[in-house]
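Colleague: Chain by chain, the residues:
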Amino acid sequence: MTTYIARRLVQTVVLLFLLSIILFALVNLAPGGPLSAYGQGRRLRPEQAEILKRQFGLDKPLPLQYVSWLIGNDWTRVDTNGDGVADASGSRLGILRGDFGFSYRTRKPVLDEIGQRFPNTIYLMSITMGLALLIAIPIGILSAVKQYSVFDFIATTFSFAGQAIPEFWLGLLLIIIFYVWLRNPFTGEPLLPPGQMSGDNPSLMDSISHLILPVLTGALGWVAWYSRFIRSSMLEILPLDYLRTARAKGASERMVVYKHALRNALIPIVTLVALDLPYIFTGAVLIETIFAWPGMGRLYYQAAVERDYPLLMAVLIIGAAFIILSNLLADVLYAMLDPRVRYSE
Amino acid sequence: MSDLAAIKGTPEYPHPLESQVNLVGNVWRRFLRHKGAIGGLVVFGLLIALTVLAFVSPYSPTASNLPERFEGPSTAHWFGTDALGIDLLTRILYGGRISLAVGGIAVAISLLIGVPIGAIAGYYGGKLDSILMRITDAFLSLPPFLVLILLAAILREVDIPLFQRSSVFTISFVIGILSWMTFSRLVRAAFLTLREMDYVNAARALGASDLRIILGHILPNAVGPVIVEATLQLGYAIIQEAGLSFLGFGIQPPTPSWGNLLSDAQEHFIKYPWLAVFPGIMIFLSIISVNYIGDGLRDAFDPYKMLEKVGEYT
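As you go down the protein sequences, you meet chains A and B in turn. The opening position of the first sequence corresponds to residue 3 in this note's numbering, with each subsequent residue numbered one higher. The opening position of the second sequence corresponds to residue -17 in this note's numbering, with each subsequent residue numbered one higher.
Derived by calculation from the structure, the hints in this document are not laboratory data. Misleading hints may appear alongside valid ones.
Here are the simulated SDA-like pairs of lysine to any residue, each with C-alpha atoms no more than 25 Å apart in a straight line [said to hold, decoys possible]:
hint	chain 1	residue 1	chain 2	residue 2
1	A	K261	A	Q165
2	B	K109	A	R10
3	B	K253	A	I167
Since the structure is predicted, the reported quantities are computational estimates derived from the model, not experimental observations.
Just chain A, with the same shape it has in the complex (with noise of 0.2 Å):
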C-alpha cells in the first residue's frame, strides 16, 4: 500500500507539472499575451510595459519565461533599463516556493486574495455537502428497501429532474419564491435575504438565512447525484449472501439493513464523496455569482471577466491538486475500507 501511494505521489507531481505546462502556453499564447490585461482601464504607456516586460522577465523566450515562472528568477540579473547590462536580481520566487505573483487586478499577492475568499466558499459548500448527504443517504436506502414502489419511483424520478435542473436557474427561481413571492408574516419584509453572506458579527438567525438559498441551490444536484448511486450501491448488496446469513441466524430486517447492508453500500459513497471534495475548494462559480458570495468561484469569475491571468493560473494549478489528491485520496479510502481490494505493488 505505502508503494502505491508513493507510486501515486510521484504520477502526481508529473500530472501537475504537465498541467502547469498546458496551462502556461494557454495564457501565454493568448493574444497580447500575459500583460495584455494588466491595469485596465489605464493603459500602460508603452516604455512602461517594456520595463514591466523585462521585470516580469516577458522578454525571454517562453521556455525560460516558464522556468522563472515555476522556479522564480530571484538568482539571475535582470536588465530592468534595457541596456543591455543586468543591473537588479529578479524579484520572482516562482509557484514552487509559494509564489504566485500579483494579482493583476488589485495588486495583491495572489495567495493573500485566495486566503481572503478561501474561507467562505469552505464554508458554504462543506455545509451544502453535508446537508446533501444527510438527505441522500436515507432517500437512497429507503428506494433501494421499497424498490419499485410509490416511494421509489417518485425519488427515482426526483433524482432524474434534479440531475436535470441547471443550478443556477434553480437558484433565481428560489429567489422569485423565497424573496419575491413569500413575506415574514410578522413584518412583511422578504422572507429570505436574495444573496451575499451575513454581514459583521451577525446573529445566529441572520447567518442560517443569508445560507438557506445558496445551500438549497447547491444541495439539490448533489442529492439527485448521491441518493441514486446510494440507491444502486444497495441494491447490489441487499441479494448477496452474508445479509441471507445474517437474516437465518435471527437478525431483524432494520439491523441486516442498517448495519450489515449499509457498511458495505457506503464505501463506494465514501469515494465519491472524497472525488467531490475539490469542489470545496473551487467553490460553484454560478451559484457564488447568483448569490452574491464572496468566496472562491466569485473570485474566480471576476478574474476571468478582467483575465487577471495570475489569479487564474493559480486557482486553476491549486484545484487541478486538489482533484488529483483527492482522486489518490479515493482510491487509498477504497482499498482501506473494502478488503477485497488490493493494489498491485
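With chain A fixed as given, assemble chain B onto it according to the hints.
Modeller: Just chain B now, with coordinates in the frame of chain A:
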C-alpha cells in the same frame, strides 16, 4: 445436443449471425420498452421541431418594440415580452437553435478527439498508450467549469477565421475540447479487450491493415457505450453552454441562447419573473429528456440489465 444444432440454431434460439444482423432492431425494440426513454424522445423531438419551426412565429427575434416591453404572458405573447419588447417565446425558440446546435457540435468535436485517441491507445498499447493516457489524465484533473471559463475568456479576445468571437463554433469547440476524455477512456477499454479476440487475429492473419481492423472490426463492437455516453454528454454540453452564456462568456446578445436569455433576465427577474422561468424550463426539458434517452439506450445496449428490470431474467 451436438455442436451442429447450436451452430444452425433452433427456432427459440436464433442463429447468432441472424441476431447479429438484426442488432439495431434488437436495441430499438429494447429501447421501446423503456417508457422514460420514449417520453424523452418525444419531448426532445418536439423541442427540435419547435426550434426548427421558429420562423412560423409572427414576431422577430431581434427587432425591439419598446412600447410593449415587459408584458406578462398573454394570448398575444404566450411567454410575455422582454426588456426590449421582443416576444420571449420567439427568442426562446431561436435561442433553442443555438443552444441545441452548440450541444450537438460540442459532442461531435469531443467524439472526433476522444474516439481516435482511445482507439489508438487501446489498439497499439505500450508507450503510445501511456503517453495518450497521461494526457487524458491531465485533462481530467483540470477543474472542468473553471477551465471552460478561462478558455472562453481567452477566445473572446481573438477573432481568427473559424474561431470568430463568441460564435457557435467557438463555444462548441471550447466545450468539446474539454469533454472528450470519457470517450477516449471508454473506447480504449473496449479496444483492450476486443483486440485480443480471435476474430481480430483472424482478420490480421488474412492481411487486413491496422486501419481496417480498427475501423471495420473493433470500433463497431465498441459503439454501444459510446452512443450512450454521447447522449449524456449532449445534455452536459447544453448545460455548459447555458452556464457559460449566463456568465457572459458564451453566446453574446443579440443572438439569443437559453443561457444568455437567463443572463439578460438576471437584471429584471425580481419584477418580471417570467423572463427567468421560461428559458430555464426549456433547458430543464431538453436535459431531462436527453438523460432519459441515455438511460433507455444504456438499458437497450445492456440486455441483461433490462431483462432483470422487467423480470424475465432469472
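Colleague: Name the hints, by number, that the structure is in violation of.
Modeller: Of the numbered hints, just 1 does not hold.
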